[in-house]
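Engineer: Please work from the sequences and hints to get the whole structure.
Sequences listed follow chains A, B and C, in order.
Take 1 as the starting number for the first sequence in our numbering and just add one per residue.
Take 1 as the starting number for the second sequence in our numbering and just add one per residue.
Take 1 as the starting number for the third sequence in our numbering and just add one per residue.
No wet-lab data here; the hints were simulated from the structure.
As the structure is a prediction and not an experimental result, all values here were calculated from the model.
C-beta atoms are modelled at their ideal positions from N, C-alpha and C, and glycine is treated no differently.
Treat the hints loosely; a few may be bogus.
As the list claims (entries may be wrong) - The calculated lysine-lysine pairs, modelled on BS3-like cross-linking and capped at a C-alpha distance of 25 Å, are:
| id | chain 1 | residue 1 | chain 2 | residue 2 |
| --- | --- | --- | --- | --- |
| 1 | C | K199 | C | K166 |
| 2 | A | K49 | B | K17 |
| 3 | C | K52 | B | K49 |
| 4 | A | K52 | C | K49 |
| 5 | B | K199 | B | K171 |
| 6 | A | K166 | A | K199 |
| 7 | A | K49 | B | K52 |
| 8 | A | K30 | A | K199 |
| 9 | B | K52 | A | K52 |
| 10 | A | K52 | C | K52 |
| 11 | B | K30 | B | K171 |
| 12 | C | K266 | C | K166 |
| 13 | C | K52 | B | K52 |
| 14 | C | K49 | A | K17 |
| 15 | B | K49 | C | K17 |
What the hints assert, rightly or not - Calculated from the model, a selection of chain C residues having no Cβ within reach of chain B, i.e. all distances over 12 Å:
| id | residue |
| --- | --- |
| 16 | E47 |
| 17 | R207 |
| 18 | S289 |
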Amino acid sequence: MNMIHTDSTIQFDENGKLRHFLTINGLPRKTLENILDTANSFITFGERKIKKIPLLRGKTMVNLFFEPSTRTRTTFEIAGKRLSADVINMNAARMSTSKGESILDTVRTLEAMHTDLFVVRDSASGAAHLIATHLPDHVKVINAGDGRHAHPTQAMLDMFTIRQAKDDFSKLRVAIVGDILHSRVARSQIHALNVLGAKEVRVIGPRTLIPTEIESLGVTNTSNMEQGLEDIDVIMMLRIQRERMNGQLIPSEQEYFNRYGLTQAKLALARPDAIVMHPGPINRGLEISSRVADGNQSVILDQVTNGIAVRMSIMATLMGGQEERP
Amino acid sequence: MNMIHTDSTIQFDENGKLRHFLTINGLPRKTLENILDTANSFITFGERKIKKIPLLRGKTMVNLFFEPSTRTRTTFEIAGKRLSADVINMNAARMSTSKGESILDTVRTLEAMHTDLFVVRDSASGAAHLIATHLPDHVKVINAGDGRHAHPTQAMLDMFTIRQAKDDFSKLRVAIVGDILHSRVARSQIHALNVLGAKEVRVIGPRTLIPTEIESLGVTNTSNMEQGLEDIDVIMMLRIQRERMNGQLIPSEQEYFNRYGLTQAKLALARPDAIVMHPGPINRGLEISSRVADGNQSVILDQVTNGIAVRMSIMATLMGGQEERP
Amino acid sequence: MNMIHTDSTIQFDENGKLRHFLTINGLPRKTLENILDTANSFITFGERKIKKIPLLRGKTMVNLFFEPSTRTRTTFEIAGKRLSADVINMNAARMSTSKGESILDTVRTLEAMHTDLFVVRDSASGAAHLIATHLPDHVKVINAGDGRHAHPTQAMLDMFTIRQAKDDFSKLRVAIVGDILHSRVARSQIHALNVLGAKEVRVIGPRTLIPTEIESLGVTNTSNMEQGLEDIDVIMMLRIQRERMNGQLIPSEQEYFNRYGLTQAKLALARPDAIVMHPGPINRGLEISSRVADGNQSVILDQVTNGIAVRMSIMATLMGGQEERP
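Structural biologist: Below, the structure is given as structure tokens:
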């Protein structure tokens, strides 16, 4: 497992208030629970006639995506606009590559324009953390996915979705299934489940895709999907990058689906009230069958809905601190 | 003519209220007239100092363009922003292609984010209709062009422009000139002119570009431009796709212009007060001469102006229904 | 020097009010000073909690970039949104190229949509001027860079930054260093410095990159960097386009840096309180060393901050006139 030493203390200001959201690792349980509680108030908000509150009015938020992701960018754009922020989308890859500017020069330049919040996606682990360390206190950073390191807002919306369906983490056995090795989502999920006190976190996947040092994170693991699903309350499927398919790590799409694809038959091996999750976009017939994805144990679309509320909650939590500026 | 059976009843809810705008085919005259009347109120709006009303405030509108069209996308973006909607632009082609997600998964995902209105452009006929059938009642769809099937908002702005100049459809002979075979614009125009009771709709173009079953739509046709323009009150030019030029269907740009390009000489064959229309962007010297395009019988720029008002009208009509949600 | 005869009178309406901002050349000193004074009020604005005023509410502003520039586009987008305008970003290159539409047809079409302000970037000198001559009086144009001709908003933010640090232009010796030949920034800076009455403007660069007729603009010039920096109060570095490096004009990056790159040693040759400027993005180690760029004589990030205020000032100045429309 690629260890990025992002010191979690940078996420707090001198008064112990959360100022960046970079990684779940090192955050206290109370912080996660506050975010989930605040997200609750934004859930009903999404069903209102007028989905707009002036919480971030007059603030400038930049979607700084050095790696393209229309879907994640859109969730942050919607969340920001509903909070009344001015949202600037930047395909930053183009900016920095075509003109040879460094990522830090890009960020310092944007900060000089009095931007208030950066939502950062990058293919390099540690990018959001690097940016956060080079900004003044009143500018906030949210990590929207950095390399294989972390995708903490995804993990928080997952936790929200689990709590919505199950409420008590201490009784839950959770399976994370797929390409653990390359997954920033899995890393953040494991940290969040640990912090919130899940009874067991079990990772399931091909041997080649489970990092050797995984047990140091306090999780169990198996390469046998059928055994792995036993007694499981929550199944968190990971997305398979098709580009890894032709390599040595995964033999073929068909074989992968046979062994690890979540079908109705495999789902029956978990607890009868188990819920099925997936960060999306799903590859139907690769990591999950359509019947399961669209079935009544699936909470995949709930995750999407919750994603907006949880991101609004995180933005509001970070930016709320700005009100206290002198 | 490529017949897509989009059941027009899907466009109405159980109370007979318009909820989607997918095709003109099957819409009653009263519906079209209401849209045109409502558009009237948005015409003066465009000339106000403050072009902003809160009709769609707190609503999320997604420009879901699976086929690129900067121009059409811009008209909807401007219309949506003037109605105070939160407008999200998605180059969806990139999203679905690069990650292999299906169009329906994309749409269901966006719907889960509590979006209210989809403006859909796709290269496949029936795409907007397909999407509309898979969304809950309170989410609206506007077809911004699907394959060769329909481009109903374009046809409505054309009707508005005709009514502005001519007012009584029952006295009008209208010519549609160009590549009828591949034109979604022509299909929607024909339906709209029929519903509004035009005296005659005449299509003019090379034999190879007129669908054989065209007469079933109640239009006359000819491949002789000079004869075709006789007695005509409204000339609707179509855009020629240059990529068809080198095929078998059209011999050369020069020959096409000679036979079907609208010049001052050909225009003189129509009624002296005939108006000239074009959906844009125009190919000067291919389907129309600059002198005609910029001449005083041209209403091409009026069409653009009216396009904003008509799209605001359609959005307001569809979204007005949402106010009645419990 | 490529002379574009953009008649500066087009920048004023019949009442002598500024209506476009295309070039500094020909603008009276009072006009520049008014813009700088107005920008002052927007400087503190950037530090407010709510960076939003309704000055351009209900106005439609189009960022019409025929040449890509994420950075400049972003500054205008931020400035426009803080003034509450509806901002439409158009990658116009794609529009006009892929569909063969002319730049004037594109602009006339957008104008027909009741847009109020165009911010134009183009690779052709004179593009913004061309557009301005084809629009009705109440539509405004800001030149965001046209070919080698002008980049007047950049020059104005530079003047603002100089005035912030130095206040009296008549005592200042200013050096502009680098590729003068290809630089629209240099042209606009020279005009602005002349209008504001700088004591001396000195251009420094390789002989091959200094236009022969440069002296007609009232500037001195030298190809010797060390001599050129003597007595200088303000050093304005230009950006080097790396693509020129392999041509005949510049021998190599290393040699260029040795001769013209601004290092701490070279900086010591100027006046001790000299300030260092750069339009960005900077090429560290090519035209400037990191130590100088990040040093305490550098005002490079101040330029960025001032860029927002100055652009807001120019927009407010131009659009203020619109209030007087009947």
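Engineer: Run every hint past the structure and note whether it holds.
Structural biologist: Checked hints:
1. K199(C) with K166(C): Cα-Cα ~13 Å, so holds.
2. K49(A) with K17(B): 19 Å, holds
3. K52(C) with K49(B): 19 Å, holds
4. K52(A) with K49(C): The hint holds at about 19 Å.
5. K199(B) with K171(B): 6 Å, holds
6. K166(A) with K199(A): Holds, at roughly 13 Å.
7. K49(A) with K52(B): 19 Å, holds
8. K30(A) with K199(A): Holds, at about 18 Å.
9. K52(B) with K52(A): 16 Å, holds
10. K52(A) with K52(C): 16 Å, holds
11. K30(B) with K171(B): 19 Å, holds
12. K266(C) with K166(C): 21 Å, holds
13. K52(C) with K52(B): 16 Å, holds
14. K49(C) with K17(A): 19 Å, holds
15. K49(B) with K17(C): 19 Å, holds
16. E47: E47(C) is indeed farther than 12 Å from all Cβ atoms of chain B, at 27 Å.
17. R207: 44 Å, holds
18. S289: 39 Å, holds
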